[in-house]
Amino acid sequence: MSEGGNVIELQSVALRYGTGPEILRDVNLTLQRGDLRFLTGASGAGKSSLLRLLFLALKPSRGNALLFGRNVNNLAISELPLLRRRLGVVFQDFRLLDHLSIFENVALPLRAMGQKPAAYSHDVLDLLDWVGLKGRATDRPDTLSGGEKQRAAIARAVVTKPDLILADEPTGNVDPAMGKRLLRLILELNRQGTTVLLATHDEQLIQQAHGKALHLESGSLKAA
Amino acid sequence: MLDPALEKPSPVFPHGAAPLRSLTITMAVMCYLACLAIGALVLINQAASAWTQGISREVTVQIRQRSGADMEQELAQALTILKAAPGVVAAEALDKSAGAKLLEPWLGKVPLDELPVPRLIRVTINETSPPDYKALEKQLAKQVPDASLDTHRRWQAELSRMAHALSLLAVFVLGLISLASVMLVVFAARAVLESNRGTVEVLALMGAQNKFISRQNDRQFLATGLIAGFAGLIAGLITFAGLFYLGGSSTDAMAEAGRSLVFAPAAVELRVGAALVLVPIAATLIALWTSRITLSRMLRSMP
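If you read the protein sequences in the order shown, they are chains H and B. 122 is the number that our numbering gives to position 122 of the first sequence; each next residue is one higher, with no gaps. 207 is the number that our numbering gives to position 207 of the second sequence; each next residue is one higher, with no gaps.
It is worth saying that the hints were derived from the structure and are not from the lab. Do not take every clue at face value.
Quick list of in silico lysine to any residue cross-link-like pairs, SDA-like style, CA-CA up to 20 angstroms [said to hold, decoys possible]: (1) B/K211 / H/L83; (2) H/K222 / H/L83; (3) H/K59 / B/S301; (4) H/K59 / H/H99; (5) H/K116 / B/S301; (6) H/K134 / B/K211; (7) B/K8 / H/P141.
Since we're looking at a predicted model, the values are computed, not measured.
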């Protein structure tokens, strides 16, 4: 993909689980490098499914989904890891590993990329400081509050300075002040060229970021 | 606060998870049982070989009492023939009371003069070049008509058959234990992998390559397999040592065989040692192989 190309390109994408009804219908979406979009919609509208499709946990049941110019339907298994490394994902349920410390959880994407602790420790500690978790670096996730877990999940998503951030309700569990701080972190990365798609119910967050919103309703995507 | 940057990274897959503990215990117990079965096999073989060796080292000549015959002269004649025969190392006539002692379990204490108790000659033979029994029997029958030669072959054959049957039984038990171990380890390894599914998914979604995930998985199963396998082996060796001490200084064949597990001849010890060391290694390889197959299926099932 050329650096100026589309980061996300969905063409008439539909998604269904097994033989169930279509969760997403004829979704068309194009996001370029440095774009910032908020994904809104009622619970069950398909926000999380759309994000799952974009972070390559699902494949579309019809239509074309292109990520960094690559059609995800035609990707070889061996190509998936390198493409996924360009993504930073904040899962709705955080998906932190309870047997690892917060430091190790946040550093996990770097470790999975083959980096050594000496190379990433400083950056990870800086990032933990930014999200207010430096003092909890050696603690396990099960000792953290929901908001702290969310901050750790965001730190893990951005630690690789990804090309695309996909976040499912990234500030849902934190207080407004921390929400603003986390948004600033994401916006800073966005200013540096990272494409961002955030699923949220938080209207205030959208206003603060002066971002454009996309509205999902019964599986169909509309500009809000 | 500890400096997380200075700490050794924790294993990506949790080492203390409950299914992993179950796998460790299962593997340790199965390895212990396999070691015991191998030990039993060696013990039976050693005991059988000690019994048959004792029997084949000696033969007996029996001289029946006959009215009018001079027993002492017949004894002397038989001894002369036996001592002159090639392959005979020694021949020794047992006194009258020795024959009566042999009858004691059936007849109780009996006055020796009232019963025609046969006289016995214990003949020690050269095992590597035994005498020609047929020729010896013929010669004895010709010159000492009341003598008969007992080569113990019937007993030896029966003992060998019994030892062979026991060995087969031990091999069968070892086979069953191995099969059960393989099945249990396979199921337990799958359970461990299933409990790690969430971690595998997170790693895959972060862009970890399959070989990175496999390497982490291998480390987990290698450590578990070796710890459990050698724990089973050590428990087995402690049991053998216990057998040795319980056998004490007894000279019977079973105690001798028990001791031979601990202080066997170098060649036997090497074979037994190799078989025992193979147990934890085989168990580890089975766990590793199963986990790799399960992990590879899991990774293939992910989008």
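The hints, checked one at a time:
1. B/K211 / H/L83: holds, 16 angstroms
2. H/K222 / H/L83: violated, 27 angstroms
3. H/K59 / B/S301: holds, 13 angstroms
4. H/K59 / H/H99: Given pair H/K59, H/H99 is violated - Cα atoms ~30 angstroms apart, limit 20 angstroms.
5. H/K116 / B/S301: Measuring from Cα to Cα gives roughly 30 angstroms; hence the hint is violated.
6. H/K134 / B/K211: Violated: H/K134 and B/K211 sit about 31 angstroms apart, past 20 angstroms.
7. B/K8 / H/P141: holds, 18 angstroms
In this structure, the earlier hints numbered 2, 4, 5, 6 are contradicted, and the remaining ones agree with it.
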